[in-house]
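S.K.: What follows is each chain in one-letter form.
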Amino acid sequence: MRVMARVLSNSVPFPLKRARAGVSYADLERLERGAPAPQRAGRRALPLSHIRSLSPRPLALLACLLALLLALAAPAYAQLRVPIDEGHLNPMPVATVDFIGDNAQTQTVGRDVAQVIRANLERSSLFRNIQPGAFIERIQAMDVPPRFPDWRIIDAQALVIGQVTAAPQNRVRIEFKLYDIFAEQFLIGFGYTTTADNWRRIAHRISDQIYEQLTGERGYFDTRIVFVSESGPRTRRVKRLMIMDQDGANPFFLTSADAMVLTPRFSPSTQRITYMSFETGAPRVFLYNLETNRREVLGDFPGMTFAPRFAPDGNGVVFTLDMNGNAEIFAMDLSSRQRRRLTNHPAIDTSPSYSPDGSQITFNSDRGGSPQLYVMNADGSGQRRISFGDGRYSTPVWSPRGDLIAFTRQGSGRFAIGVMRPDGSGERILTESYLDEAPTWSPNGRVIMFFREGRGEGPRLWSVDLTGRNLRQVPTQTEASDPAWSPLLP
Amino acid sequence: MRNTLLALAAVASVAACAGRPDPAPTVNTPAPPVAEQPRGPVPGSIEDFRVSVGDRIFYGYDRFDLTPEARSVLERQAAWLRQYPNVRILVAGNCDERGTREYNLALGARRAAAARDFLVSLGVAGNRMETVSYGKERPLDPRANEEAWSVNRNAHSQIVSGAVS
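Protein chains in written order, with this note's numbering: chain A, 1 to 490; chain B, 1001 to 1165.
Calculated from the structure, these hints are not laboratory results. This one's a predicted model, so the numbers in the text were calculated from it and none came from an experiment. Positions of the beta carbon are idealized from the N, C-alpha and C atoms, including for glycine. Not one of these hints is a red herring.
Between beta-carbon pairs, the in silico distance windows are: (1) B:R1143 to A:N90: 43 to 51 Å; (2) B:S1161 to A:D333: 36 to 44 Å; (3) A:G402 to B:L1140: 39 to 47 Å.
Looking at chain A on its own, in the form it has when it is part of the complex:
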């Protein structure tokens, strides 16, 4: 019986594109025995445990089911996997050791990396960290297998070890390995060389590798959130664009306090943001390039433009243009700047959001008498209503997996975040309060972030799992609204 392990499709070496000034490139190589790291000729792979056979992604579900069946009969040979829909009920106990360092600086980095990994795993609610105080074995070298019984006895099912070593030109090399304790097997290992100040991103990368290995789904830790930072009294609110890491680290402003901004959204494929600003007086859709820090107005329109979102390929934006009180949905190609009208109805048509394959658009319209959710083909044809429940529906956002649409539902004086299938079936409410608004999807479609406002209180960012569990506040320094989750960073 071969135990299957997956090596992920994003595990090829990647030069990290510059995500912002000061963050430099990292090199990744897979740690394995005998073979050179893929596409890294000339670089010596570290002698480590073997990586087992590859399982193509479509087989992952089958593998998962198989593993589940096997788990009943032969636990020692089952694939170590946390069931993603029920993992929070029985989180997998994981031991993450402070990464070994070869000097004071790398020891500090090693502790910090382990801390960020633990925080990510814990926040997912699928994992439970075993407290380092309970560890019996003291890991002192990367190339020696751990003493599995020492970890089994403290109930660890997975073990993460790692090391940080100084590299030339003020760089560090960060390596990790993940072990299945009960199977006594090495699962995956990777090494990254990067500038020392880039350690946080490496910690998120490692977290994603662990998450992917143990859940069978893509991770979402190496991502960022753009949102609106709010301050000042409600009647004279100051709203600025701010961006931060998914865990709240590294926040900084993108726009000044001079102009109110709303509704930022990431490009699913490029380092760009689109948002609405009052910078020129009336609402206008802007584009912001995160690599050049340049912003520009999108198009020259006779009325106000708002509610922008990127097309999945990042080469187009769909948005609302209001002309004389009639809001209609338009699409614009960013290369040719050609615009195309998609709706033509005297009612409000707004909040468009593409399906991930770009073939359809969900939007908000009150053409039926109250705001409801609609779906149309990307050329505007085939417009049909999909929401028929009680209440008023708005802010539809298509899941990056394509199978669900998240929305805000308003009724009985409360606002809720929910999901439904693109045909309107299977509606589920995930959260509800005085005001929950503006869902945004994690790139793997497992977590939804939104903003919540108590009566008379300022807004804060919150996240909730697709299961409706694991509701928690996202740390921000200021009051915050309109979150948008980035794709996995390049």
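Go by the hints and put chain B onto chain A.
M.R.: Chain B in isolation, oriented as in the chain A frame:
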């Protein structure tokens, strides 16, 4: 009464000073003899429009149709704007917080357009008016209750230029 007049005079003199290159301090000057009728805003001024005419109309929840009260305010606005033909205005549509952001931007635009269209029907040239929507971003009343929301659902006619100063 005397105190009120004093205060009015003080405010008037402070206002008169604003923007002028530092005249002698006039705040402590005794109140001059005042006419029997308390002075209202200067006719044709922004204050005149705001106080004597009314610069806001109000809407029902998720509505953009004009109530009888709103129509009578707009009729006064139209008459005033016909009287002062150099005045240009910006009509801003506003919403309460009990709607989502983008929907409210569209709803505010509808409210502004409804007010503007009615003014046009009363003979105010369309090129004297611009419209904008602030959605739920600029509440007049910061509180979170029905009274505040009813005030925050409005169209606000703001004078941009051409008023008597």
